[in-house]
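Student: Spelled out, the chains give:
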Amino acid sequence: MTSSKSGPGHNNSLYGPLDDVSGDAGYADHPARVGFFTDTSVCIGCKACEVACKEWNGLPEPEADQLALTGMSYDNTTALGADSWRHVAFIEQPLIAPEPASPDDQGSGTRWLMASDVCKHCTHAACLDVCPTGALVRTEFGTVIVQPDVCNGCAYCVSACPFGVIDRREGDGRAWKCTMCYDRLRGGLEPACAKACPTDSIQFGPLDELLAIAESRLEDLHAAGQVEARLYGADPDDGIGGAGAFFLLLDEPQVYGLPPDPVVTSRDLPREWRWAGAGAGLLAAGVAIAFAGRTRE
Amino acid sequence: MSEELQVPPAEFQSYYGRPILKVTRWKEPHLPAYLVLGELSGALAIVGALAHATGRRALARTARIGAAAAAYGGGAFLTAELGRPERFLNMLRVAKPTSPMSMGSWILASHSGLVSAAAASEITGLMPGLGTAAGVAAAVTGPALAAYPSVLFANTAVPAWHSSYRELPLLFASGAMTAAAATGLAVGALATDRSDFEVARRLAIVGAALEGVAGYTLEASSEPDAEPYRTGDGARMLTAARYLTLSGGVAALAARRSRIAAMAAAALLAGGGYCAKAGVLRAGKESARDPKYVVASQAKGERAG
Numbered sequence: 001m002t003s004s005k006s007g008p009g010h011n012n013s014l015y016g017p018l019d020d021v022s023g024d025a026g027y028a029d030h031p032a033r034v035g036f037f038t039d040t041s042v043c044i045g046c047k048a049c050e051v052a053c054k055e056w057n058g059l060p061e062p063e064a065d066q067l068a069l070t071g072m073s074y075d076n077t078t079a080l081g082a083d084s085w086r087h088v089a090f091i092e093q094p095l096i097a098p099e100p101a102s103p104d105d106q107g108s109g110t111r112w113l114m115a116s117d118v119c120k121h122c123t124h125a126a127c128l129d130v131c132p133t134g135a136l137v138r139t140e141f142g143t144v145i146v147q148p149d150v151c152n153g154c155a156y157c158v159s160a161c162p163f164g165v166i167d168r169r170e171g172d173g174r175a176w177k178c179t180m181c182y183d184r185l186r187g188g189l190e191p192a193c194a195k196a197c198p199t200d201s202i203q204f205g206p207l208d209e210l211l212a213i214a215e216s217r218l219e220d221l222h223a224a225g226q227v228e229a230r231l232y233g234a235d236p237d238d239g240i241g242g243a244g245a246f247f248l249l250l251d252e253p254q255v256y257g258l259p260p261d262p263v264v265t266s267r268d269l270p271r272e273w274r275w276a277g278a279g280a281g282l283l284a285a286g287v288a289i290a291f292a293g294r295t296r297e
Numbered sequence: 001m002s003e004e005l006q007v008p009p010a011e012f013q014s015y016y017g018r019p020i021l022k023v024t025r026w027k028e029p030h031l032p033a034y035l036v037l038g039e040l041s042g043a044l045a046i047v048g049a050l051a052h053a054t055g056r057r058a059l060a061r062t063a064r065i066g067a068a069a070a071a072y073g074g075g076a077f078l079t080a081e082l083g084r085p086e087r088f089l090n091m092l093r094v095a096k097p098t099s100p101m102s103m104g105s106w107i108l109a110s111h112s113g114l115v116s117a118a119a120a121s122e123i124t125g126l127m128p129g130l131g132t133a134a135g136v137a138a139a140v141t142g143p144a145l146a147a148y149p150s151v152l153f154a155n156t157a158v159p160a161w162h163s164s165y166r167e168l169p170l171l172f173a174s175g176a177m178t179a180a181a182a183t184g185l186a187v188g189a190l191a192t193d194r195s196d197f198e199v200a201r202r203l204a205i206v207g208a209a210l211e212g213v214a215g216y217t218l219e220a221s222s223e224p225d226a227e228p229y230r231t232g233d234g235a236r237m238l239t240a241a242r243y244l245t246l247s248g249g250v251a252a253l254a255a256r257r258s259r260i261a262a263m264a265a266a267a268l269l270a271g272g273g274y275c276a277k278a279g280v281l282r283a284g285k286e287s288a289r290d291p292k293y294v295v296a297s298q299a300k301g302e303r304a305g
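Protein chains in written order, with this note's numbering: chain A, 1 to 297; chain B, 1 to 305.
Each statement offered as a hint is correct.
A few chain B positions that, by computed beta-carbon distances, are all more than 12 angstroms from chain A:
1) E28
2) Y72
3) G113
4) S116
5) G125
6) R236
7) I260
8) G271
Some chain A residues close to chain B (C-beta under 7 angstroms, calculated; not the full set):
9) Y156
10) V158
11) A160
12) F291
Hints were generated in silico from the structure; no laboratory data involved.
Model, not experiment: these values are computed from the prediction.
Glycine included, each C-beta is placed from N, C-alpha and C at the ideal position.
Could you put together the complete structure from these sequences and hints?
Tutor: Written as structure tokens, this is what we have:
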């Protein structure tokens with residue numbers, strides 16, 4: 001496995017901890033890196049974030065045939081995509097114990113998990129790495145955005161994202177995802193979803209401050225007996241160098257439709273090119289062999 | 001709080017069985033057709049250079065013109081694959097080493113320029129020195145064009161693709177050989193001058209054998225990421241590819257005596273090459289569609305690729 005540390009100062013451009021993500025992208029002078037801390041333990045599933053996001057960003061409404069009820073609890077959005085940049089997941093879990101599993105569950109026999117998912121704005125963003133046109137860029141805030149006037153819809157980012165976030169909008173032909181409300185950030189406002197969240201499940205701010213808040217919240221939950229609470233995307237030593245949008249979850253990530261241990265694919269580029277080089281050599285050798293020897297006719 | 005009060009840990013829980021990853025938007029026939037034409041152009045560029053160097057004039061002419069035609073055909077399919085085809089040239093807006101598609105676009109652009117120059121010189125008879133130089137340079141860009149798609153696939157979050165970074169280069173290299181051989185066999189079967197037929201025939205046999213090995217290694221590669229190569233839609237295409245390609249190789253053995261066998265070999269090899277690429281595409285879609293592949297590949301706990 002590749003070493004995740006490059007010594008003090010963490011300047012890993014492709015993989016591993018990276019202290020100054022905007023600086024690494026070429027911003028000499030830039031504001032502090034901002035992000036989302038989504039604390040799912042206080043999410044009430046109101047979907048105000050989904051609505052605020054759609055309203056502010058002018059996202060297209062679904063086609064009539066996509067408005068069917070899914071049967072997935074209260075989730076009829078189903079996933080993040082080109083037209084849904086926040087997605088609230090609803091998970092109903094039967095409890096085997098007769099006693100309440102947490103102070104919130106009044107012995108109902110069911111635990112209800114709700115979580116507002118969003119683009120992770122990875123420290124090492126595979127979508128950005130693989131984009132051939134430069135349409136995907138790192139902003140001065142450390143976030144990742146698509147420039148719609150540049151994107152040519154090659155869809156490489158769609159297969160590169162380890163979270164299944166970014167997607168191409170059919171009919172429009174371009175890739176779209178959460179911008180963390182780049183326009184609002186430029187104007188000194190917080191993103192629409194965080195503004196609309198009535199329980200502060202979605203918190204916005206400088207990433208280091210959010211991480212401190214999250215650690216403290218996790219300690220409180222553990223002390224209250226919620227031993228299954230865990231942070232997701234908060235570790236700079238993880239496979240994406242830590243996320244700009246991280247979460248407090250109450251179960252395994254895959255239960256929420258999240259990958260358990262995602263890795264930025266760019267980590268493995270050198271070995272992929274080496275093997276491709278071997279393939280190119282083999283091709284040249286194979287053709288040369290066909291030319292070797294006498295031609296019988 | 002004790003452990004017993006928690007939700008029972010299941011072996012694997014997904015979110016209503018929904019995909020964790022997005023299923024690729026790449027489609028048939030565009031992507032497989034681009035891959036086949038790209039590797040064909042790449043291999044023909046090498047054939048053209050070697051044929052020129054060994055004095056096989058007719059073969060050099062066929063290869064040079066074929067390489068240019070295939071490059072343009074491949075480029076057309078690649079452009080049609082885009083959500084915004086009119087922005088194809090944005091591919092050359094930047095050169096990004098972290099993007100295999102950016103590198104591939106530059107390889108395709110330079111290769112297309114070189115094979116165009118070689119073909120133009122061949123057809124018009126003008127500036128034969130420049131044509132030869134371009135042809136030799138295209139023998140360098142050719143293998144790169146044929147092999148880079150292995151990185152294009154491997155450098156994704158799709159488990160079946162990401163884990164096959166060792167096997168895919170063999171599939172594309174051997175596919176390039178059989179694609180060029182198919183062209184040579186078809187042209188040779190139609191031509192009256194069959195003096196260069198043996199080169200295509202040998203290339204068909206070598207390529208078909210290697211493509212058979214490539215298909216086998218792809219299915220046998222690291223568990224459990226390679227499962228979509230063994231079962232399902234992609235596996236069926238890969239199996240079909242192997243039967244077609246190996247039949248094509250066998251037909252090529254008989255192609256010296258029979259023009260019909262030569263034409264059959266060409267068709268079988270071309271079909272096998274296309275099905276192999278379509279099989280890889282479909283296996284990748286299945287790999288992204290079922291969340292169990294993502295969870296299984298990441299549960300190994302070592303962040304292994």
